[in-house]
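**Student:** Sequence:
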Amino acid sequence: MEDRIKEIVQKELTKLGAGDVSFAVEWPADLAHGDYAVNAAMAASKVLGKSPRDIAEALVPALVEGLGEDAASVLIAGPGFINITLSERAVSARLAEAGEESWGRNEDENGTRIMVEYGNPNPFKEMHIGHATGAVIGEASARLIEYSGATVLRDTFGGDVGPQVAKALWVFQKDGVTDIASAQEIGKAYTQGATAYEESEEAKAEIDALNTRIYDIVGRQEDQEGFSEEDRALLRLWQKGREVSMEEFNQLFELLGTKYDYTFFDSDTTKPGMDAVLDAVAKGVLEESEGAIIYRGEKKGLHTLVFVTSRGTPTYETKDIGLAFLKEMRAATDRVLILTAVEQVGHFKVFLAALEDIAPMLAKKTEHAAHGLLQLTTGKMSSRKGNVITARELITELVTAATERNSDPVVALQVAIGALKYMILRSAPGSNIIFDPEKSLSLDGDSGPYLQYALVRARSIVEKAGKGSAAKNDTSSERPETPYVLSRLITRFPEIIRKAQTLRAPHVVAQYLTQLASEWNSFYANERIIGEADEAYKLGIANAFIKTMENGLWVLGIPAPEKM
RNA sequence: GCCCUUGUAGUUCAAUGGAUAGAACGGAAGUUUCCUAAAUUUCUGAUCCAGGUCCGAUUCCUGGCAAGGGCACCA
Numbered sequence: 001m002e003d004r005i006k007e008i009v010q011k012e013l014t015k016l017g018a019g020d021v022s023f024a025v026e027w028p029a030d031l032a033h034g035d036y037a038v039n040a041a042m043a044a045s046k047v048l049g050k051s052p053r054d055i056a057e058a059l060v061p062a063l064v065e066g067l068g069e070d071a072a073s074v075l076i077a078g079p080g081f082i083n084i085t086l087s088e089r090a091v092s093a094r095l096a097e098a099g100e101e102s103w104g105r106n107e108d109e110n111g112t113r114i115m116v117e118y119g120n121p122n123p124f125k126e127m128h129i130g131h132a133t134g135a136v137i138g139e140a141s142a143r144l145i146e147y148s149g150a151t152v153l154r155d156t157f158g159g160d161v162g163p164q165v166a167k168a169l170w171v172f173q174k175d176g177v178t179d180i181a182s183a184q185e186i187g188k189a190y191t192q193g194a195t196a197y198e199e200s201e202e203a204k205a206e207i208d209a210l211n212t213r214i215y216d217i218v219g220r221q222e223d224q225e226g227f228s229e230e231d232r233a234l235l236r237l238w239q240k241g242r243e244v245s246m247e248e249f250n251q252l253f254e255l256l257g258t259k260y261d262y263t264f265f266d267s268d269t270t271k272p273g274m275d276a277v278l279d280a281v282a283k284g285v286l287e288e289s290e291g292a293i294i295y296r297g298e299k300k301g302l303h304t305l306v307f308v309t310s311r312g313t314p315t316y317e318t319k320d321i322g323l324a325f326l327k328e329m330r331a332a333t334d335r336v337l338i339l340t341a342v343e344q345v346g347h348f349k350v351f352l353a354a355l356e357d358i359a360p361m362l363a364k365k366t367e368h369a370a371h372g373l374l375q376l377t378t379g380k381m382s383s384r385k386g387n388v389i390t391a392r393e394l395i396t397e398l399v400t401a402a403t404e405r406n407s408d409p410v411v412a413l414q415v416a417i418g419a420l421k422y423m424i425l426r427s428a429p430g431s432n433i434i435f436d437p438e439k440s441l442s443l444d445g446d447s448g449p450y451l452q453y454a455l456v457r458a459r460s461i462v463e464k465a466g467k468g469s470a471a472k473n474d475t476s477s478e479r480p481e482t483p484y485v486l487s488r489l490i491t492r493f494p495e496i497i498r499k500a501q502t503l504r505a506p507h508v509v510a511q512y513l514t515q516l517a518s519e520w521n522s523f524y525a526n527e528r529i530i531g532e533a534d535e536a537y538k539l540g541i542a543n544a545f546i547k548t549m550e551n552g553l554w555v556l557g558i559p560a561p562e563k564m
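In my numbering, the protein residues as written are 1 to 564.
I should point out that these hints are in silico values taken from the structure, not numbers from a laboratory.
Among the hints, erroneous ones may be present.
Claimed, not checked - Here are the computed lysine-lysine pairs in the PhoX-like style, where the Cα-Cα straight-line distance is at most 20 Å:
id, residue 1, residue 2
1, Lys204, Lys188
2, Lys464, Lys349
3, Lys259, Lys271
Claimed, not checked - Derived Cβ-Cβ restraints for the label pairs, each shown as a range:
id, residue 1, residue 2, range
4, Glu343, Ala93, 47 to 53 Å
5, Thr400, Met1, 21 to 27 Å
6, Ala401, Ala292, 48 to 54 Å
7, Glu298, Lys46, 26 to 32 Å
We treat Cβ as the ideally placed atom computed from N, Cα and C, and that holds for glycine.
Working from the sequences, and respecting the hints, build out all of it.
**Tutor:** Laid out in structure tokens, this is it:
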């Protein structure tokens, strides 16, 4: 339809002598303005030396003729917009498509294989709401990509060696702990270790030494040559800690609706990373300075980044280089997308610049995108200070709130997860999300449950009407002269999905679904459906709404409860 | 000091360079003999400041002011 309009207008503009003018066929934010709006008259005004309204007058007849019965009206409005409103016939034809399972999907990326990295909690720390934010946005982004026909390979990357590990294990060693029971215990140990690291020179030295030792032992865990009894005990403690952490993460990811195809660890990436780094030093891409190996980002207008510390341990940068190679070895992909919090954009700029020099092919297909941080109204979160809200705590709290209105634990969980995800996905990625633990657990209004509730009510009606009504294909029932706004809004879904994909912005879908749910709720409140002369027609709309909401919620990863 | 991001109702967020800047929460007042009131209807109220580009600027550019993040041995 959009293309048809564009074609007609283009042809007319050429006739008027303004064929070069670029214009847009857009969908007005306010449906009262129509289903499509053309701004060609304003755009051509200067070239033609005529007023926009005069040009619009000249364009309208061709549109009326060209669109025929599909257009209910073609009107000139405002400064010179040509507003086109679709006829009931055209809208109903599109609504029929909305019943299909594939409604909203497109094939823009058919056959492409894309690896998407997100979440990335670190073992030996607790998973906090920041990681949960990443997981939620990442999952929605992945699903959005899947809706374009691409194959998505999900991966997460965790730091199982490095200072944060040493900080936690140092505390366990000091306290003589040999068996780690829970993720909470690890979180507590990490906080203690991090505090000691900052407050005591002695502790700092010990932790640094332990860090180097862990690298060594973990690196040689295969053959364990020359391991002392102490080394073995440390390795066991490390293994147990990682296992407990990952078990907790997997549980949380399951609650959040993510299942990873690949889990990478720092310990896997250290070796390929170090190999690549030493190779790069030989080639002159990286250089030694003050005992460390660094990349001079200044030559590309960036800053210097350390790849290997003067103690000989690799940093995050080297591990990321190793990870890039490791991904390439494990899976064939066309693109690699890495999603992290905004605080890492600086790092990734320099990292990608370095990767460009080290492995141009890998750099070319790798892309980094950032999402905002979750910020507490009470101040900045820091696991060091121990004032974090863990993902576990937050979910538990939400479930408690949801349980007040749902006796069914399954539904309560779905509502809680829906509320959490919506809170994160409703705003544009990139800017920070201000999280007020007191107020943000909203289950009313602009929220996940709002969408879920609208869907549940729609399903309930269709169910009540019974299968005998054959709502979908009935054309005999009465229908209005002009289509419902709800119907017109439903037909926009595929365009919304495409926009969200282009901008890589799940919030576009979230905003749309909220508008859709609101429209449905008004429809539901104002129109009697069951038992009316146009029952079949309205049930058709209800079914189209259900499919649209179901598919939209799926993209966001928000569960769709059966009952509420 | 340098670099990046962001400044929109009291609060939390929208607005593909377009029309009367939309929602939600909060506050005020209504709507259930009627398909689930987690709903619905009405009212309340905002583009940080100053220039510039454009037919048209919340959006793009420049300069202020303010907030957040990052700037070699953390991830």
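**Student:** Holds or violated: are the alpha carbons of lysine 204 and lysine 188 at most 20 Å from each other?
**Tutor:** holds (18 Å)
**Student:** Tell me if the straight-line CA distance from lysine 464 to lysine 349 falls inside 20 Å.
**Tutor:** Roughly 56 Å between the alpha carbons, so the hint for lysine 464 and lysine 349 is violated.
**Student:** Could you see if the CB distance from threonine 400 to methionine 1 stays within 21 to 27 Å?
**Tutor:** violated (48 Å)
**Student:** Is the gap between the beta carbons of glutamate 298 and lysine 46 within 26 to 32 Å?
**Tutor:** violated (46 Å)
**Student:** Would you check the hint for lysine 259 and lysine 271, treating anything up to 20 Å between C-alpha atoms as holding?
**Tutor:** violated (27 Å)
**Student:** Assuming the hint says 48 to 54 Å, is it satisfied by the Cβ distance from alanine 401 to alanine 292 or not?
**Tutor:** holds (49 Å)
**Student:** Using the beta carbons of glutamate 343 and alanine 93, state whether their distance is inside 47 to 53 Å or not.
**Tutor:** For alanine 93 against glutamate 343, whose Cβ atoms are near 49 Å apart, the range 47 to 53 Å holds.
Checked against the numbered hints above, the structure breaks hints 2, 3, 5, 7 and satisfies the rest.
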